[in-house]
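In order, the protein sequences belong to chains A, B, C and D.
Using this note's numbering, read the first sequence as starting at 5 and increasing by one per residue.
Using this note's numbering, read the second sequence as starting at 5 and increasing by one per residue.
Using this note's numbering, read the third sequence as starting at 5 and increasing by one per residue.
Using this note's numbering, read the fourth sequence as starting at 5 and increasing by one per residue.
Source of the hints: derived by calculation from the structure; they are not laboratory data.
Quick caveat: nothing in here was measured; it's all calculated off a predicted structure.
Nothing false has been slipped in among the hints.
Which copy is meant is left open, so a pair is good if it fits within one copy or across any two.
Mimicking SDA-like on lysine to any residue, the simulated pairs with C-alpha atoms at most 20 Å apart in a straight line are:
| hint | residue 1 | residue 2 |
| --- | --- | --- |
| 1 | 233 | 246 |
| 2 | 233 | 205 |
| 3 | 233 | 245 |
| 4 | 233 | 244 |
| 5 | 78 | 34 |
| 6 | 19 | 212 |
| 7 | 233 | 20 |
| 8 | 233 | 222 |
| 9 | 233 | 213 |
| 10 | 233 | 82 |
| 11 | 233 | 247 |
| 12 | 233 | 220 |
| 13 | 78 | 138 |
| 14 | 233 | 223 |
| 15 | 78 | 246 |
| 16 | 19 | 39 |
| 17 | 9 | 101 |
| 18 | 9 | 169 |
| 19 | 19 | 260 |
There are 4 protein chains.
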Amino acid sequence: MTLAKEQDLVLLLGKDGKRFIFRLSPGDELHTHRGFIRHSDIVGQPLGAQVTSHLDYPFYLLRPSIHDLIMSSKRESQIIYPKESGYVLLKMNIVAGSRVIEVGAGSGAMTIALAQGVMPTGRVYSYDRRDDMLGLATKNLSRLDLLEYVDLNHRDVAEGFDETEVDALFMDVREPHLYIAQVREALAGGGFFGALVPTTNQVSALLDALIGERFVDLEACEILLRHYKTVPARLRPEDRMVAHTGYLVFARPVAPEQRPEAE
Amino acid sequence: MTLAKEQDLVLLLGKDGKRFIFRLSPGDELHTHRGFIRHSDIVGQPLGAQVTSHLDYPFYLLRPSIHDLIMSSKRESQIIYPKESGYVLLKMNIVAGSRVIEVGAGSGAMTIALAQGVMPTGRVYSYDRRDDMLGLATKNLSRLDLLEYVDLNHRDVAEGFDETEVDALFMDVREPHLYIAQVREALAGGGFFGALVPTTNQVSALLDALIGERFVDLEACEILLRHYKTVPARLRPEDRMVAHTGYLVFARPVAPEQRPEAE
Amino acid sequence: MTLAKEQDLVLLLGKDGKRFIFRLSPGDELHTHRGFIRHSDIVGQPLGAQVTSHLDYPFYLLRPSIHDLIMSSKRESQIIYPKESGYVLLKMNIVAGSRVIEVGAGSGAMTIALAQGVMPTGRVYSYDRRDDMLGLATKNLSRLDLLEYVDLNHRDVAEGFDETEVDALFMDVREPHLYIAQVREALAGGGFFGALVPTTNQVSALLDALIGERFVDLEACEILLRHYKTVPARLRPEDRMVAHTGYLVFARPVAPEQRPEAE
Amino acid sequence: MTLAKEQDLVLLLGKDGKRFIFRLSPGDELHTHRGFIRHSDIVGQPLGAQVTSHLDYPFYLLRPSIHDLIMSSKRESQIIYPKESGYVLLKMNIVAGSRVIEVGAGSGAMTIALAQGVMPTGRVYSYDRRDDMLGLATKNLSRLDLLEYVDLNHRDVAEGFDETEVDALFMDVREPHLYIAQVREALAGGGFFGALVPTTNQVSALLDALIGERFVDLEACEILLRHYKTVPARLRPEDRMVAHTGYLVFARPVAPEQRPEAE
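Chain A on its own, in the form it takes in the complex:
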């Protein structure tokens, strides 16, 4: 039985489904729509326990998942959802020890997934040209104690990257097709390239640039997640769903042709 202790990151889940993620700090109070709870009343409780607000409303004491952390990250831009980031991790082989570049840190939602994937021995090099986004990503990563696995860089990637021979590089920027030469410089031979782009025009432009820069193993896809209402006797999908976040494009750079050849 694990007991919640000071400085733990916890999730309180209300009976109505409302979620609160925060770090336990004994002097503090959590204020909810259903009354407040003293952090000191949570410390020492076993995970899975029920705690109640001063209005006697019940909450469950849980540990947040990466999924919870991504979905709850403060955002000022469209984030990459777990339905995509989970697939990206497997497709781009983000494992303990990987060195990964991320272009377009944004709110840091994808950075969280990448950092969790490469820890404890790998590293994420994250770039953004907007200062405010880097500030927000820093805040979101720091809340989860993930900053030690991430370098955040303020730069327009047209200028290229500091790193070379990285295992993987993921882009979430407006016109990724403009930067494929720079990507090639940074990625290890046969490394993993991935990008998320919102429009079909961008998919076409990106595929075109990748083919031109001699990337192979091209994949373009989209992932749809459909939730169901969890009522056993009346099982049915939710009425509405997210219809589109973006298209995923993957490819791997290979060595230039060494001799003329008819394909």
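Place chains B, C and D on chain A using the hints.
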């Protein structure tokens, strides 16, 4: 620049898209549909290089991703695809150090994803009641040097589990709803439960059992992956797709009610 | 060139996409969010013309499609959308001259599609056990001059139908599986049965009842419609979509077995 | 009770789901994978009856639906499926009496849906530049006695159309965006334009041309049909599905601006 060396697990990708995954062993030869290649001719080549068969057919030398490994695992049953397993890893918080039970090892495709997620410090306890499946899973895991992170157990889970207080438990068996009491015994308070079931009737039965055993934070969903043809000037989805692998169900056990209360 | 004339049903489409459907009646005025327009100023204008409100806001003068009429029908319940009703018409062979029973008139959206399909020589027999729904359906059909093709009946279908040997019968009620014996009485041999049900449990129950009552050619399906933003240079799906309206189930009754036989 | 009679178009449905559509002609025999059946043994049987082959294999005697006819039309090219054609009929207001141009008759599958929609008083003007396609469409329409509602024209539509003021015009050709000026000449003011195109690049090009030629009420969408296995106790989607047939684009031409104006 990384050079392929003896005992490396490599992927040869033919120009026609055919994939061969194997471990480099200098005395061996790879026999393809387009001629053979001596392993000793690959050792020492940089990743991303082009190597050619004795018929002069070109292949790219790459490192396989977890995605490649899952998709290429030898199978005697339906496997869990990366579109689902990636989401499961984030949703069930499978991170370095996690202790996870898997019920229904099957061909070991999900076991691969779990082992990659918990390594180097975590552990996967995998159960199957079929000996032949355990043999196949062992083979698939051993090929990838992942066996050291996995305990394979031959058991009908109706008898319960050896482990307690595990962080997460994932089921891929025919009637998961029959074993929820056993699941509760093994899972830590507030731990992560997940299952994949193929039919809507099973989703209903499972939700029912979970609610009965006081699990909360229920989620039921399905994930659809749609591939596009990677032709920039004629971008369009593939003509056909996998329409269904299974429904994912997630939940977390919480402590029993301590007092009567009207909800 | 067709000119709008008195009593025509017209659609005014604002430049902002707002739609107004009404019948031209010279003494009347249309009041919009962007000023009013006198019907008498519309009469005599060619279809496709631009008319302007007293605030000089431009509207296009168009004829409404069945799609427009269905989507604009006043509703007090979930309606059946054109993505489903169009498929139903072809699947259930609703053609000029068909005699069709509809169970669950609701707001009359499906009744509109059926009436348009069977006219000028066929007939729709529509049942509902709620008086208010029949009133609403009457209003919606009358607005479109379709009442002459439809009989509206106030009845609980547990009591059976007045008609026999109908070509097709469509149900949109809560528990269609309870009424399959009555359906069999009304439908011609080999006729077309269809239903829309919202939950998977209902699909199972309905299929079970249909198989029990010796229906064949079973089909169960769902139809998803995904809209795209119509911006040529930034083509992408809309962010959100309707994820579920209902499942469609189709079947056809056949004669009872004439002799024992092993199938 | 309706009895099958000479010259009726009938559907024999095998117990295994095999379908045979043909016209009853007393001297003929139907040869199936399970033995033959004399047409004269079918004439006089009630619809819904069971008939058996000389090998005693059971078939159900049914009337084919438009859906059956479309799906069984002989094809030498990709056809437009009922999931799309049903929606097109409602969206483009194809009703009894409509005058409709179709560009790209192909195998005639869409022509069948259009002809059924406009009969008995309307007309379909169908164009194709390939002689072989017109021959095939003729054959498919004639089999269904629908030829009397259709004009088939051998022409490249770059040359324009013979008809003007048509209610609706549907295109299924490779580059519809090249012919929008000709479309405008033929369509009535505010008439209904629709097209099916397979690639996103074509959608962009078509939207661009339509906006340029002053069409309004633009809609671009795709329709997905997912079938379920009809087993009540194990309800689940089919394993695979058609992932893409094409994108649908709709628009309506309006009168040119009569005065300069800032929108």
